[in-house]
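Asks: These are the residues of each chain, in order.
Protein chains: 2
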Amino acid sequence: MARETKAPSERTRVKRTNQRAVYDRDGINAILDAQPLCHIGYLRDGHPFVTPTFQWREGDRVYFHGSAASQALRASSNADICLTVSCLDGYVLARSGFHHSVNYRSVMILGKAEVVDDPEEKNTLLNNFIEGLWPGRVATLRPNNDQEIKATTVLSLPISEASAKVRDGNPVDDDEDYDLPIWAGVIPMRTVVGEPYDDGRLLDGVTVPDHVLKFGRS
Amino acid sequence: MARETKAPSERTRVKRTNQRAVYDRDGINAILDAQPLCHIGYLRDGHPFVTPTFQWREGDRVYFHGSAASQALRASSNADICLTVSCLDGYVLARSGFHHSVNYRSVMILGKAEVVDDPEEKNTLLNNFIEGLWPGRVATLRPNNDQEIKATTVLSLPISEASAKVRDGNPVDDDEDYDLPIWAGVIPMRTVVGEPYDDGRLLDGVTVPDHVLKFGRS
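Those sequence lines, one after another, are chains C and A.
Position 209, counted from 1, in the first sequence is what this note's numbering calls 220; the numbers after and before it change by one each time, with no gaps.
Position 148, counted from 1, in the second sequence is what this note's numbering calls 159; the numbers after and before it change by one each time, with no gaps.
Bear in mind the hints are in silico, worked out from the structure with no lab data behind them.
Note that the coordinates shown come from a computational prediction; the quantities given were computed from them, not determined experimentally.
In this text, a Cβ means the ideal position worked out from N, Cα and C, and glycines have one as well.
There could be a bad hint or two in this list.
[Said to hold, decoys possible] Simulated pairs of lysine to any residue, SDA-like, Cα-Cα distance not exceeding 20 Å:
#1 C/Lys176 <-> A/Val113
#2 C/Lys123 <-> A/Leu54
#3 C/Lys225 <-> A/Asp100
#4 A/Lys176 <-> C/Arg85
#5 A/Lys225 <-> C/His111
#6 C/Lys26 <-> A/Ala79
#7 C/Lys161 <-> A/Arg201
#8 C/Lys225 <-> A/Lys225
#9 C/Lys225 <-> A/Arg201
#10 C/Lys176 <-> C/Asp44
#11 C/Lys161 <-> A/His111
#12 C/Lys225 <-> A/Val113
[As the list claims (entries may be wrong)] Below, a sample of chain C positions facing chain A; criterion: calculated Cβ distance under 10 Å:
#13 Tyr34
#14 Arg68
#15 Glu69
#16 Arg72
#17 Asn89
#18 Ala90
#19 Leu99
#20 Gly108
#21 Asn134
#22 Val177
#23 Asp190
#24 Ala195
#25 Val197
#26 Val203
#27 Asp210
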């Protein structure tokens, strides 16, 4: 498959350092699937707000959810928003302050966050979110009830107006600075999973399930 | 010192789960100082955008910077923005899907991002950012030149209209769900520093400096 090299819109076109731009869907999906944490940008009284939340992808859409009473969810419902996902992969230390940088992967999606109305669809989507993180967990849980589904807003955003940016590798210094006796390189960063602990209220015989033990290990 | 329990403005007041609200400056500063990665919300043509970047705090202000040619920096300059910092500390697994949650620390700062004009002040601030991450590094670097300082925009945001939210600890399940044989607890998450590597172009005798070896170890 040929890589998409053209931005879907002028406002998602990467203007600076455009050698870092990623417009093909596989590249965008890989970042979305690697990082559930996202930041939603929305307007309240004309002022931009940014709220962290979690996203999950199904096909050509990303979803996020929260309390129906949440200001962020209410302001995002059927409104134009920006959903940004970012992974910090490392600090890039150069021979001058100016050329210090970071290695990262990020995706920005613009569009209208559509409210999912149908309770059955909402329930399926919410279960998919949990299954995506911990395969097999939903079957072990007390199912969502009608009131809980009603109290939850699920928003759906098409991955149509989206672009990604990726930086990787070594610092890029000015030619003459390579003659200076300065350490330059990369300090890699990554997010790791700690040791799970239970809440001290498990019934006798309940053990740590595989979906918890395996989380983040693949 | 008494803890501040009142929000600085209606729009930074935490409305939902307000037992998680943090309004005192020490609590807010601790989160800002723990996490340089931030997400800036700004407007372009009336549409909200969210761009990841880095912040550093000096006293009652946070600063961020970027290329003077950056769309995000240009749109944020002397404009009302939202700067959000978030740390994901763990996934909270409950006995129902509904009560799944996350442990996190986040700060939201609203205000006008003021452009720092004075080249000397810009240079000092940019050096402070590097020193904050890697104490002692600036003295080892080729200094910034006038053109580099001119090509960099530094923005300053007062920490006046700010609030934080923190969740910690175990899941909170419905009373009757504690009788179910379901594993519930926390999967901690943290960001770790990997092994630094140089760019393969060091001069003979240049070794890894302490500020690199010690990064993230304190």
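Asks: Confirm or reject each hint.
Replies: Cross-check of the supplied hints:
Restraint check for C/Lys176 and A/Val113: not satisfied, since their Cα atoms lie roughly 27 Å apart, outside the 20 Å limit. Proximity of C/Lys123 to A/Leu54 is assessed by CA-CA distance (about 16 Å); at most 20 Å being required, the pair is judged to hold. The straight-line distance between the Cα atoms of C/Lys225 and A/Asp100 is roughly 18 Å, inside the 20 Å bound, and the hint therefore holds. For the given pair, A/Lys176 sits about 19 Å from C/Arg85 by alpha-carbon distance, which is consistent with the 20 Å threshold.
A C-alpha spacing of about 18 Å is found between A/Lys225 and C/His111, which places the hinted pair at or below 20 Å, so the restraint holds. Of the pairs offered as hints, the one joining C/Lys26 and A/Ala79 holds, with about 13 Å between alpha carbons and a cut-off of 20 Å not exceeded. Restraint check: the Cα-Cα separation between C/Lys161 and A/Arg201 comes to about 33 Å, which exceeds 20 Å; the hinted pair is violated. For the given pair, C/Lys225 sits about 31 Å from A/Lys225 by alpha-carbon distance, which is inconsistent with the 20 Å threshold.
Between C/Lys225 and A/Arg201 the alpha-carbon distance is near 16 Å, which keeps this suggested pair within the 20 Å criterion. At most 20 Å may separate the alpha-carbon atoms for a hinted pair to count; C/Lys176 and C/Asp44 meet this at roughly 15 Å. For the hint pairing C/Lys161 with A/His111, the CA-to-CA distance comes to about 16 Å; that is within 20 Å, so the pair holds. Only pairs whose Cα atoms come within 20 Å are accepted, and C/Lys225 paired with A/Val113 is accepted, the gap being roughly 18 Å.
Interface restraint check for C/Tyr34: the shortest CB-CB distance to chain A comes to about 17 Å, outside 10 Å, so the restraint is violated. Below 10 Å, beta-carbon pairs count as interface contacts, and C/Arg68 has none with chain A, the closest being about 18 Å; its hint is therefore violated. Residue-level restraint check for C/Glu69 is violated (minimum Cβ-Cβ distance to chain A is 16 Å; threshold 10 Å). About 18 Å separates the beta-carbon of C/Arg72 from the nearest beta-carbon of chain A, more than 10 Å, and the hint is not met.
Taken as an interface hint, C/Asn89 does not check out: its beta carbon lies about 14 Å from the nearest beta carbon of chain A, beyond 10 Å. Evaluation of the C/Ala90 hint against chain A yields a held restraint, the C-beta minimum of about 9 Å falling below 10 Å. Because the beta carbon of C/Leu99 sits about 6 Å from the nearest beta carbon in chain A, less than 10 Å, this interface hint is met. For C/Gly108, the interface hint holds, since its Cβ comes within 10 Å of a Cβ in chain A; the closest pair sits about 5 Å apart.
The interface hint given for C/Asn134 holds, since its Cβ lies 9 Å from the closest Cβ of chain A, which is under the 10 Å cut-off. Evaluation of the C/Val177 hint against chain A yields a violated restraint, the C-beta minimum of about 12 Å exceeding 10 Å. Evaluation of the C/Asp190 hint against chain A yields a held restraint, the C-beta minimum of about 7 Å falling below 10 Å. Interface restraint check: C/Ala195 against chain A, minimum CB-CB distance 5 Å, threshold 10 Å, status holds.
Because the closest C-beta pair between C/Val197 and chain A is about 6 Å apart, less than 10 Å, the hint holds. With a least beta-carbon distance of about 5 Å to chain A, the hint placing C/Val203 at the interface is held under the 10 Å criterion. Annotation: C/Asp210 was flagged as interfacial toward chain A, and the flag holds, the nearest CB pair being 4 Å apart, inside 10 Å.
The structure shown violates the earlier hints numbered 1, 7, 8, 13, 14, 15, 16, 17 and 22.
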